[in-house]
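Each protein sequence line maps, in turn, to chains A and U. Position 55 of the first sequence, counted from 1, bears residue number 89 in the numbering used here, the numbering being contiguous throughout. Position 368 of the second sequence, counted from 1, bears residue number 402 in the numbering used here, the numbering being contiguous throughout.
These aren't lab readings, by the way, just hints derived from the structure by calculation.
Since the list gives no way to pick out one identical chain from another, each pair is judged satisfied if it fits inside one copy or across any two copies.
Think about it this way: if two alpha-carbon atoms lie no more than 25 Å apart in a straight line, the pair counts; the simulated DMTMM-like pairs of lysine to aspartate or glutamate are: (1) 119 - 234; (2) 263 - 415; (3) 322 - 253; (4) 237 - 115; (5) 124 - 234; (6) 150 - 75.
2 protein chains.
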Amino acid sequence: MVEADEALRVIKRGCDELLIEQELVEKLASGRPLRVKAGFDPTAPDLHLGHTVLLNKLRQFQLLGHEAMFLIGDFTGMIGDPTGKNVTRKPLTRDQVIENARTYEQQIFKILDPEKTLVMFNSSWMGEMSAADLIGLAAKHTVARMLERDDFHKRYGSGQPIAIHEFLYPLIQGYDSVAMKADVELGGTDQKFNLLVGRELQKHYGQAPQVVLTMPILEGLDGVNKMSKSLGNYIGIHEPPNEMFGKLMSVSDDLMWRYIELLSFEPLDSVAQWKREVAAGRNPRDIKVMFAQEIITRFHDKDAAVRALADFEARFREGAIPDNIPEIRIEAGGGPLSIVQALKQAGLTASTSEAMRMIEQGGVKINGEKVGDKALLLLKDETVVLQVGKRKFGKITVA
Amino acid sequence: MVEADEALRVIKRGCDELLIEQELVEKLASGRPLRVKAGFDPTAPDLHLGHTVLLNKLRQFQLLGHEAMFLIGDFTGMIGDPTGKNVTRKPLTRDQVIENARTYEQQIFKILDPEKTLVMFNSSWMGEMSAADLIGLAAKHTVARMLERDDFHKRYGSGQPIAIHEFLYPLIQGYDSVAMKADVELGGTDQKFNLLVGRELQKHYGQAPQVVLTMPILEGLDGVNKMSKSLGNYIGIHEPPNEMFGKLMSVSDDLMWRYIELLSFEPLDSVAQWKREVAAGRNPRDIKVMFAQEIITRFHDKDAAVRALADFEARFREGAIPDNIPEIRIEAGGGPLSIVQALKQAGLTASTSEAMRMIEQGGVKINGEKVGDKALLLLKDETVVLQVGKRKFGKITVA
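Sequences and hints are given; from them, build the entire structure.
Structural data, given as structure tokens:
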């Protein structure tokens, strides 16, 4: 049994808010395994590292002896968009839900212990619920309180329509906690309101209210926006080892520590030790390599991680990328910048025509990969290592 | 078959709003019997004349060949108060609902033709409805539109709580129209918003929207407040003939015409004729007698009506109440006034002590009935005939 203080320290690692800490202390002191809930969308089972922040927290609870409840919110998914306005949001069939659940399981058990994980579907209880029961549920919350939720508040204030069923969804999410007898619910910071509804409803139904633990939304590779597939700043957990490695090595040193806090399974003491070492002069690149190895091992295996490192180092040796590359900021006036412009502005070529010629000759590399396309664009806030010929390097950030 | 113009004239008799008249004209022109809905509370089957305004309108539709759908809203009644705050509003059991429906039937068939009346219970369809279906229903309306309803608007504006299920009730009432395939829905003016929700939902469900016909809320005997049991200004349809007669004879001449418009089954042409006669000098009392006879015949029978009239006239003859009694307004400063004070202020006795002595001697009558109680109070806005001894009369209104 882990000491209570240490358990609390592990649970609070990286978390944004813990409501209410004293209640969690008491629940932990009870000695029984706590039921820890986290809800997931039934439609998008293609996970990236951003999704794993919650899974990692569930895993920490498992390691402390508690039970992870992985909830698939399939009930509303099977309803689809009841307004009928969003034709692309088709109702999921039961078969699709089961298929998606399988895809989830293949991914989440790279993180979670299957023995201590309950995969649950809220259609199990919501599908049985009658209209009369839902009315009873709706009676337990007021319109004014619901309109306090940030997004509802903004939409109502700006005259954008809110369909009435949208007020029912937070109640259903809250009722899930009642049906699951959750002791703790995890969610992103954007879920705080809904998680608190769960607390209220549990009290109404005579249960001790769940502890609410919110985790930050993980930043993407740009270190600015949230990690998301549509923004292209993500690392999918199915990506090939070399791509994962390259992407993880490309993150800034600041973002590296953030990722380690939220994504590494290494104990806090080790992380603290690394920070001291870097402060004392150790190259943060060493830490980044260790962390990238850990992530690749998790989602592929140890061999793949070792090979990815070897490949990466081979490319560096071959390309003889020096340790200290000058960092250059280029102003692009807010828009994307062509690689040809970037090479010229960074002083790596004397002119845009030289830049084009060097690309044609295969003499330009971006992050160690040969550039074949002269029309390649660098996005705002993107940081890349550009190499021209054998010796000219620049770590370019587009501003 | 009644002419279309005449049918429309009958339907519009006494009505407050008709939305949309052109649609009604088209529905009437179709020649098929229309399905005419009116919803009633499952808890209060003790009817007074105020409740019968809608029933009378249903009857008019029946006489025009249409079908009356008498809807008992038992679904929400069986839920009770889901907030649990109103402990006096206990959920109705199915047995109570059936019992209340029987009591309704005993009363409404004094007005409606049982052959052309469907008594319906919304629990028949709502009891079968799942939570998922109710979500679909809730998706068909917006929070902003619901907050436009007058009472919601006021409560939200003044910070009084609105529980979320209250937003579902108008939707359920509207869905009743879908389930019932209503062509027309009748309701009080206070129901207009909910009746319009029915129109919207019918469109969503691919039905032609119902025509909405609102009827005014009937004033009580005071001619000011709405008729209600708690205000004591009502005529219950089970009251004994003599009481009905006395109360109906006590209403002002203005209110008499109002009652005739909303409560009499006499054709509009006859009513117009009476008005002309009164304008030409006929005593409105004659009309009042005819109307009171009609109402008593409806809720008791012809004999009872004849006897009530005879009793009333005998009391008048015996008391020799003259035809033209002076009308006297007494200021009571807003509160009720004791009969003793009233007698003095009206000049029917010289002092309050004389008033008390006359009452003790049995020499004071109120509306032809001997006054036994010196503590009797006259309410604000009440109009009564007071008599002292054989000859002193006053028609007293407390202001």
